[in-house]
Amino acid sequence: MTSLGVKDELSSNASCRHLMNMIMADDKDVLRDVWFGKIPACFTLSPEETTEREAEPYYLLLPRVSYLTLVTDKVKKHFLKVMKAEDVEEMWFEYEGTPLKWHYPIGVLFDLLASNTALPWNVTVRFKNFPEHDLLHCPSNSVIEAHFMSCIKEADALKHKSQVINDMQKKDHKQLWMGLQNDKFDQFWAMNRKLMEYPTEEGGFRYIPFRIYQTMSDRPFLQKLFRPVSPEGHVLTLGDLLKELFPAAICAEDEPKRFQVMIHGIEPLLETPMQWLSEHLSHPDNFLHISIIPAPSD
Amino acid sequence: MMAGERNPASCHLDERTFRLCCQLFLQHSETIQDGWSWEQIKGTDEGFIKKTVLIPVKASVLHKQHECSMQDENTVTDDIQANVEDETAGVQAVCEIHAVLRYEYHILYSCSYQIPVLYFRASTLDGRPLALEEVWSNVHPNYRQRLQQGPWDTLTQQEHPLLGQPFFMLHPCRTEEFMKPALDLAQAENKRVNYIVTWLSVVGPVVGLDVPLSYSTEVSAPD
Numbered sequence: 001m002t003s004l005g006v007k008d009e010l011s012s013n014a015s016c017r018h019l020m021n022m023i024m025a026d027d028k029d030v031l032r033d034v035w036f037g038k039i040p041a042c043f044t045l046s047p048e049e050t051t052e053r054e055a056e057p058y059y060l061l062l063p064r065v066s067y068l069t070l071v072t073d074k075v076k077k078h079f080l081k082v083m084k085a086e087d088v089e090e091m092w093f094e095y096e097g098t099p100l101k102w103h104y105p106i107g108v109l110f111d112l113l114a115s116n117t118a119l120p121w122n123v124t125v126r127f128k129n130f131p132e133h134d135l136l137h138c139p140s141n142s143v144i145e146a147h148f149m150s151c152i153k154e155a156d157a158l159k160h161k162s163q164v165i166n167d168m169q170k171k172d173h174k175q176l177w178m179g180l181q182n183d184k185f186d187q188f189w190a191m192n193r194k195l196m197e198y199p200t201e202e203g204g205f206r207y208i209p210f211r212i213y214q215t216m217s218d219r220p221f222l223q224k225l226f227r228p229v230s231p232e233g234h235v236l237t238l239g240d241l242l243k244e245l246f247p248a249a250i251c252a253e254d255e256p257k258r259f260q261v262m263i264h265g266i267e268p269l270l271e272t273p274m275q276w277l278s279e280h281l282s283h284p285d286n287f288l289h290i291s292i293i294p295a296p297s298d
Numbered sequence: 001m002m003a004g005e006r007n008p009a010s011c012h013l014d015e016r017t018f019r020l021c022c023q024l025f026l027q028h029s030e031t032i033q034d035g036w037s038w039e040q041i042k043g044t045d046e047g048f049i050k051k052t053v054l055i056p057v058k059a060s061v062l063h064k065q066h067e068c069s070m071q072d073e074n075t076v077t078d079d080i081q082a083n084v085e086d087e088t089a090g091v092q093a094v095c096e097i098h099a100v101l102r103y104e105y106h107i108l109y110s111c112s113y114q115i116p117v118l119y120f121r122a123s124t125l126d127g128r129p130l131a132l133e134e135v136w137s138n139v140h141p142n143y144r145q146r147l148q149q150g151p152w153d154t155l156t157q158q159e160h161p162l163l164g165q166p167f168f169m170l171h172p173c174r175t176e177e178f179m180k181p182a183l184d185l186a187q188a189e190n191k192r193v194n195y196i197v198t199w200l201s202v203v204g205p206v207v208g209l210d211v212p213l214s215y216s217t218e219v220s221a222p223d
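In order, the protein sequence lines correspond to chains A and B.
Quick note: the first sequence, position 175, residue 175 per full-length UniProt numbering, numbers continuous.
Quick note: the second sequence, position 192, residue 192 per full-length UniProt numbering, numbers continuous.
A couple of the hints might just be wrong.
Unchecked claim - Calculated from the model, a selection of chain B residues having no Cβ within reach of chain A, i.e. all distances over 10 Å:
1) Thr-17
2) His-106
3) Trp-136
4) His-140
5) Lys-191
6) Gly-204
7) Gly-208
8) Pro-222
9) Asp-223
What the hints assert, rightly or not - Quick list of in silico lysine to any residue cross-link-like pairs, SDA-like style, CA-CA up to 20 Å:
10) Lys-184(A) <-> Ser-142(A)
11) Lys-224(A) <-> Arg-16(B)
12) Lys-128(A) <-> Ala-131(B)
13) Lys-161(A) <-> His-171(B)
14) Lys-224(A) <-> Gln-158(B)
15) Lys-161(A) <-> Cys-11(B)
16) Lys-224(A) <-> Gly-164(B)
17) Lys-224(A) <-> Glu-15(B)
18) Lys-170(A) <-> Arg-174(B)
19) Lys-161(A) <-> Ser-112(B)
20) Lys-224(A) <-> Ser-112(B)
21) Lys-180(B) <-> Asn-166(A)
22) Lys-180(B) <-> Gln-163(A)
It is worth saying that the hints were derived from the structure and are not from the lab.
Built from N, CA and C at the ideal position, the CB exists for glycine as well.
With the hints as extra help, turn the sequences into a complete structure.
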């Protein structure tokens with residue numbers, strides 16, 4: 001029943017322009033919905049940049065599961081047309097004055113910073129004054145690849161003590177990256193399914209790879225060891241995770257909700273097992289990225 | 001498992017042992033005034049140890065594009081050495097201008113890999129952060145080739161998991177390669193080691209961090 005609920009929400013999510021026909025509540029459909037999720041964005045050049053003439057905004061559908069610097073070549077080309085080479089340094093993005101961390105999946109940035117605002121997502125493009133103290137540099141796609149593979153490796157260290165990722169060959173690792181880079185769902189999952197397996201007797205992964213993000217915090221994210229099954233053998237849920245790490249997000253039935261707990265732009269039921277979430281709602285980097293944002297005041 | 005075969009998991013470190021090793025490490029640092037301190041994360045029992053050092057380097061180590069700004073912004077020390085000793089064939093004086101860089105080292109615990117991880121950042125005295133290429137040129141030539149072998153380049157720019165700012169990090173997946181021989185040897189000699197001391201003595205020098213020998217003799221293992 002839970003997987004049905006999530007599937008319904010993913011399909012009807014306003015920020016997903018991709019409309020899916022609901023046929024069967026198949027777990028595999030959830031994987032597709034997650035992979036093909038998009039966010040409509042409008043890129044505008046910052047007035048602080050020096051241009052030879054005015055630049056039109058550039059509209060683009062951004063894949064939730066990818067990274068800003070991987071999918072914005074066209075944005076760069078568009079704005080370079082109105083700029084002189086000497087005014088162009090490393091491109092970076094900001095939203096309402098906040099530099100956008102390219103190494104976070106696009107969907108995570110959106111959910112955390114802009115999910116309760118009107119679409120399209122208005123992103124500002126910058127070409128100078130790179131914020132050295134806030135953003136990592138991204139000089140080439142191989143840096144994105146290294147970061148992506150590093151996340152996958154860390155996730156497998158948690159799930160399988162790195163056994164599955166280490167048993168894969170270099171070409172298998174490459175296939176994971178190429179699948180993401182070229183938007184090839186089948187190519188990616190042909191390899192990724194191995195990272196989603198576990199011994200039946202264990203009932204799940206060793207630990208669940210997850211990160212909890214919150215805007216009003218000094219800490220960039222929360223990450224702890226969390227087993228999907230309790231020592232007594234109970235299947236642990238999203239609610240159990242929050243009880244331990246973010247109890248403020250769980251409120252009593254009569255209380256108004258203070259926080260929204262968002263994954264891929266939806267709020268899964270707190271009863272959803274963490275193991276199921278990890279297998280179906282993880283990003284391609286194999287991490288569950290959870291955004292906790294203040295609930296909108298109506 | 002064969003008799004005598006050590007459980008490979010002992011290359012790992014649980015968080016409590018990490019904190020205990022750090023405490024003992026810090027006690028010695030205090031004694032020899034080595035400058036390490038504990039940073040606690042507000043409202044938690046998590047934290048890390050850190051140390052800031054000033055390192056003199058040759059000016060040629062810094063990017064050419066920054067050389068002019070470096071002179072303007074007065075990061076050049078008064079210490080200009082001129083090699084005028086060679087009188088033989090009227091050799092010209094060679095001036096080596098030293099700049100001073102500020103290196104900040106943090107040792108964090110990785111719960112994913114269950115080992116310590118070394119993060120650091122470097123900047124000029126006027127606050128300009130060093131780029132990866134500049135940091136590379138400060139890595140001892142003996143280590144450079146090994147670090148470059150990949151597959152995921154061992155020295156990379158990463159977000160500090162507790163502070164959220166860009167740091168450089170020595171990739172943790174190679175730790176077992178460094179630590180296994182050292183831990184095996186200690187076990188064979190029936191000695192107990194302080195994981196942080198052993199680990200830092202191996203990885204620290206790679207990125208210019210000196211770990212005085214007294215740590216190895218004076219710091220005990222936690223109970």
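**Study point:** Violating hint indices (sorted, rising)
**Key:** none
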